[in-house]
Amino acid sequence: MKCVGVKYCGGCNPHIERSKFVDELKKILAEEMHLTVCRGQEKWELGILVCGCATACADRPEIRELAPEWILVAGPNVDIEPTPVAEMARVVALKIRKYFGGRDPHEVA
Amino acid sequence: MALMTGEQYEDSLRKLNMKVYLLGEIVKNPVDHPIIRPSMNSVKLTYELAQDPQYEDLMTATSHINSGKINRFCHLHQSTDDLVKKVKMQRLLGQKSGACFQRCVGMDAINAVDSVTFEMDRKLGTEYHKRFNKFLLMMQEEDLTVDGAMTDPKGDRGLPPHKQADPDLFVRIAERRPEGIVVRGAKAHQTGAINSHWILVMPTMTMGKEDADYAVSFVAPADAEGISYIYGRQSCDTRKLEGSPIDVGNRQFGGHEALMVFDNVFIPWENVLMAGEYEFSGALVERFAGYHRQSYGGCKVGVGDVLIGAAALAADYNGAMKASHIKDKLIEMMHLNETLYACGIACSAEGSKTASGNYLINMLLANVCKQNVTRYPYEIARLAEDIAGGLMVTMASEKDFRHPEIGKVVEKYFRGVATVPTESRMRVLRLIENITLGTAAVGYRTESMHGAGSPQAQRIMIARQGNLEQKKSLAKALAGIKE
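So the protein lines, in turn, are chains A and B.
Residue numbers for the first sequence follow the working numbering, beginning at 1 and rising by one.
Residue numbers for the second sequence follow the working numbering, beginning at 1001 and rising by one.
No lab work stands behind these hints, which were simulated from the structure alone.
Just to be clear, a hint being listed does not mean it is correct.
[Stated by the list, open to error] Derived DMTMM-like pairs (lysine to aspartate or glutamate); straight-line CA-CA distance at most 25 Å:
hint : chain 1 : residue 1 : chain 2 : residue 2
1    : B       : 1069      : B       : 1082
2    : B       : 1163      : B       : 1119
3    : A       : 20        : B       : 1048
4    : A       : 43        : B       : 1081
5    : B       : 1353      : A       : 24
6    : B       : 1327      : A       : 17
7    : B       : 1069      : A       : 42
8    : A       : 43        : B       : 1082
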């Protein structure tokens, strides 16, 4: 099982550049863990739901089933807190690190 | 192959043997014809985005038949959430293509035919729905693009089909055989016909008893014997032949329509979905039109997003962005565009389940949506032209811009803000021209007026669905009227 998965919304009218955010997040965490972009129904220990706007239409029960814990990026918000776009990747990276509590995420998997 | 890649889709079209006429000649290779190719690219985009994790949440769905992952264009809506996602997908595709991506007609047709054939079988004991389900399974498994073909040429609008001077002005059953039917006639304005694998024909209006032979619905391979296509001209279409991509405005994407002609085409019974049951023709027309009127609350909004963005860029490049009236015009454009989107979302969220199990949009709100679409894109286009300035229609050609001598003159005098290259200004003005006056205006303007039914058709539906008597009751109650 892969540890951290990324699931995108469909991107109909995004208020943030979703792929740019994910690229930045990958860069920050490059030496710590590998982020996997969702292509099927694989399960993760932690999921990052990347939605282009606050509607977060991809935040549905069947998506939530893919991981027990989620960090929700919805437009310029991280877990419902308004967050400067330039800070979002860093904020999410901190949340990921906090979730794993300093553990090696691959080890957890 | 539940999901084709873009390349697989393109290859699949190359295997078809369609009879296509364009500019007085037979087109041997429609896929690579420079006038047709951009429209193929738009449909191809519907396959490519379905493969992309960034878009798959909208572009794909779960088949209600076998729970497989399928392209949303092959999906029967199983919930109001599906209806909402359809509109969002269409907005996305409009944004990415800036054009008509054509595949909606098939999706809208299968959703209408599903519920109507189910109701026909239930009442009449026919087996149309069973046949339809077999076709649907193939469509989903092979990820087919299907042209939903409804609009007949119609001849004299004051006469029903059977009283027309020429009986072929509406598609009709010309002959019934033990093994199937033979059809004659034509379908006009067929969006994406030449980029489709199959066609799903439906009657164009409510038929009466005397027009029972015109109450016909069937599926057929797009290259079936006896079917031919005459490609529709678009404003500025031959610019695509000039080798000047800037002048085309949108080099990569486009849409198309064609006249689809049926010259004694044999349809085996297994592909016939209505053959004379005129009392169900009205329901089929209304439901298809309703779904398609919903569609415009997504696709036109996506193209509108592009046009608004282009107008804002033009203002930037003209040095006019700080002017308060320009800002206000852009606000108005966004307001109008989002109003259309609101209608598309509303008629989806207020949808309901049909007897067959798929979901139908709220018909009143879908018709309100389309009625607004007959107006707002025109106003958005007008404002875009206002912001862009006259240069969008008086600008020199790309060949002049590239010319070794006069190119410097074009570069010098067509520059706006000094820091922005003249070429960028030319490109964005040509894009605005493309959407408002050029090839894409077919989809953004006149199709907004007449596609999915002309404005009066929506007003008739609004009158039927508007619940006027209840409104009178409200007024009476507050006014203290007892009668």
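A quick look at each hint next to the structure:
For the hint linking residue 1069/B to residue 1082/B, the alpha-carbon distance of about 14 Å falls within 25 Å, and the restraint holds. For the proposed pair residue 1163/B and residue 1119/B, the alpha carbon gap of about 29 Å is over 25 Å, so the pair is violated. Note on residue 20/A and residue 1048/B: the hinted pairing holds, with a Cα-Cα distance of about 20 Å set against a maximum of 25 Å. For the hint linking residue 43/A to residue 1081/B, the alpha-carbon distance of about 24 Å falls within 25 Å, and the restraint holds.
Between residue 1353/B and residue 24/A the CA atoms are separated by roughly 43 Å; this puts the pair beyond 25 Å, and the hint is violated. This hinted pair checks out: residue 1327/B and residue 17/A have alpha carbons roughly 24 Å apart, not beyond 25 Å. As the CA atoms of residue 1069/B and residue 42/A are separated by approximately 14 Å, the hinted pair is consistent with the 25 Å bound. With a C-alpha separation of about 24 Å, the suggested pairing of residue 43/A with residue 1082/B holds against the 25 Å cut-off.
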